[in-house]
Amino acid sequence: MVLMTLVPPGDTPPGGASVPTDTATRSTVEELPHLLKACGRGDEEAFSRLYDAVSSRLFGLVLRVVRDRAQAEEVTQDAFLDIWRHAARYDPDRGSALSWMLTIGHRKAVDRVRSAEAQSRRDTAYEAREQDTPYDMTAEDAHRNLDAQRVRKGLDTLTGTQRGALELAYFGGYTHREVAVMLDIPVGTAKTRIRDGLIRLRDTLGLER
Amino acid sequence: MNDDIHSLVGAYAVDAVDDAERARFEEHLATCAGCRTEVESLRGAAARLAATTDTAPPASLKASLLRDIRSVRPLPPVVEEQDELSADDAPRQDPAPAADPTAAPTAEVADLATRRQQKAPRRHPVARWVATAAAAAAVVVGGVVWQPWDNGASRPPVAASAQQQVLRASDARTYTDRSATVVRSASLKKAVVKVALPPPPAGKVYEVWLQHPDGHMVRAGLIPDVSRARDGVLLQGDAATATGAGITVEPAGGSDSPTTVPVALVTFS
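Protein chains in written order, with my numbering: chain A, 39 to 247; chain B, 7 to 275.
Please note that a few of the clues may not be correct.
Unchecked claim - A few chain A residues that don't get close to chain B, going by computed Cβ distances all over 12 Å: (1) Asp81; (2) Asp131; (3) Gly143; (4) Thr197; (5) Asp222.
Stated by the list, open to error - The following label-pair restraints were derived from C-beta to C-beta distances: (6) A/Thr199 with B/Arg179: 48 to 58 Å; (7) A/Arg152 with B/Gln242: 41 to 51 Å; (8) B/Pro205 with A/Arg152: 41 to 51 Å; (9) B/Val224 with A/Thr199: 50 to 60 Å; (10) B/Asp262 with A/Ala108: 19 to 29 Å; (11) A/Asp194 with B/Leu194: 22 to 32 Å; (12) B/Thr43 with A/Val225: 16 to 26 Å; (13) A/Thr197 with B/Pro64: 51 to 61 Å; (14) A/Glu69 with B/Thr43: 40 to 50 Å.
Stated by the list, open to error - For the chain B half of the interface with chain A, some residues (derived, Cβ under 10 Å), not all of them: (15) Val20; (16) Asp24; (17) Pro80; (18) His222; (19) Arg225.
Keep in mind the hints are simulated off the structure, nothing from the lab. Note that CB positions come from ideal geometry on N, CA and C, so glycine has one too.
Could you put together the complete structure from these sequences and hints?
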């Protein structure tokens, strides 16, 4: 996985290139498990570097789900504290470090929107409109991100119905049952579309590095 | 039923399940290596989606996090099972290679309900408690691996509950035995237990106990909602003088003293 935008400005990768090379960003990603391990030993400097490497992605995801900036900041802060607290329990055999951290952030974001059920953002019509332009609403940096382009191409291989269900679930924070009602499909169909959409995305993009 | 639960794998991987479904699916995960592998790969795929939304957080967020982490002790790694009495006595395993997840003692999970009722006559009582706690640890390992965070802090950071006060107390100390984690504040005389448990058998409930220096177990409350127990359950009673905490399965409503072997036992030492 390439994280073009995740190398913070001013923290130039080895080699000094102002535009990170593919090699440099990959080494940042490869460093993540080591940074997590160091965090587990209480290494604050490692946490600082870890934060620089993944905060845009984690915050962007949380913001996409939560939508409200102030709440997204709270949820992100909370997620990073949990990452710090649980860093020693990350198991590289179970998936990439980035995926592990984003899973934590996503779950917290979803918990937040579900606890704020009354929010007007949970308006089905609004969500349906959102679906037409699923990107770039909050993605300030995403257009500079090579991986984003790859993911969009991957998303294009999904059927429209798979993509709709997956985006409502992942970015909307809705349960599969809610997705079924929103899309007027049986519950079993919603489950299947979410799963099949993820499988196709996984198979198209290949395994994460 | 089983087919039905398998099909939740995609929804589970993107958190598109409610609390009851999550608990049910995690129980299933403990015994289904196929679903575990699929969850991992689908979570990886879902995480890729986040590449389309990169947004830099405000600089103030990093500053406050760097301040916050100074007061948060990283949890120890999950160490492999061993025969010592307490995991706390074990030497810190530095870059501890986490136990092979597929080798998780799933049979023990499946057997947990039966084991609770069984005696282990070959062993003396302490060893039996520890062995049972180790079986419960399999459940916790599942919890740690699949939901490796606690949700306690996802509430708005206002009006700290008694539970949060314990967790944040300056003298809060953490005790763990692989099956459960207890955070105790001597100054507040309170303790919070964090534990991942499967739903109790029908008509049963988990009851929490504080152990006193004479070995006596005193009621410290029930765990009404196991799905929340991972976030922490505040124990009733004076935890400052207690020497340990345990969890047993009791008939609905609870008992006045433990009637079954603890599924978790944590010593405050």
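Subject >> Interface restraint verdict for B/Val20 against chain A (beta-carbon cut-off 10 Å) >> reply: With a closest approach of 5 Å, the B/Val20 hint holds.
**OP:** So, B/Arg225 near chain A? Judge it on the closest CB pair being under 10 Å.
**Re:** violated (30 Å)
Subject >> Nearest-CB test (12 Å) between chain B and A/Asp222 >> reply: The claim stands: A/Asp222 keeps its Cβ more than 12 Å from every Cβ of chain B (closest is about 17 Å).
Original post:
Cβ-Cβ distance between B/Thr43 and A/Val225: within 16 to 26 Å?
Top reply: Between B/Thr43 and A/Val225, where Cβ atoms are some 25 Å apart, the hint holds.
**OP:** Grab the minimum beta-carbon distance between A/Thr197 and chain B and tell me whether it stays above 12 Å.
**Re:** About 14 Å separates A/Thr197 from the closest Cβ of chain B, which puts it past 12 Å; holds.
Original post:
Regarding the assertion that A/Gly143 does not contact chain B, is the least Cβ-Cβ distance greater than 12 Å?
Top reply: Nearest chain B Cβ is 8 Å from A/Gly143, so the label is violated.
Original post:
Are B/Asp24 and chain A close enough, Cβ to Cβ, to be under 10 Å, as the hint says?
Top reply: Constraint on B/Asp24 satisfied, holds at 5 Å.
Original post:
So the hint says 19 to 29 Å: do the beta-carbon atoms of B/Asp262 and A/Ala108 match that?
Top reply: Between B/Asp262 and A/Ala108, where Cβ atoms are some 48 Å apart, the hint is violated.
Original post:
Per the hint of 48 to 58 Å, is the separation of the Cβ atoms of A/Thr199 and B/Arg179 within bounds?
Top reply: Roughly 53 Å apart at Cβ, these two residues keep to the hinted range, so it holds.
Original post:
Measuring from the C-beta of B/Pro80 to each C-beta in chain A, is the shortest one below 10 Å?
Top reply: holds (5 Å)
Original post:
Taking the CB of A/Thr197 and the CB of B/Pro64, does the distance hold inside 51 to 61 Å?
Top reply: violated (38 Å)
Original post:
Is 22 to 32 Å a correct range for the gap between the Cβ atoms of A/Asp194 and B/Leu194?
Top reply: violated (56 Å)
Violation of the numbered hints given earlier is confined to hints 1, 2, 3, 7, 8, 10, 11, 13, 14, 18, 19; the remaining hints are satisfied by the structure.
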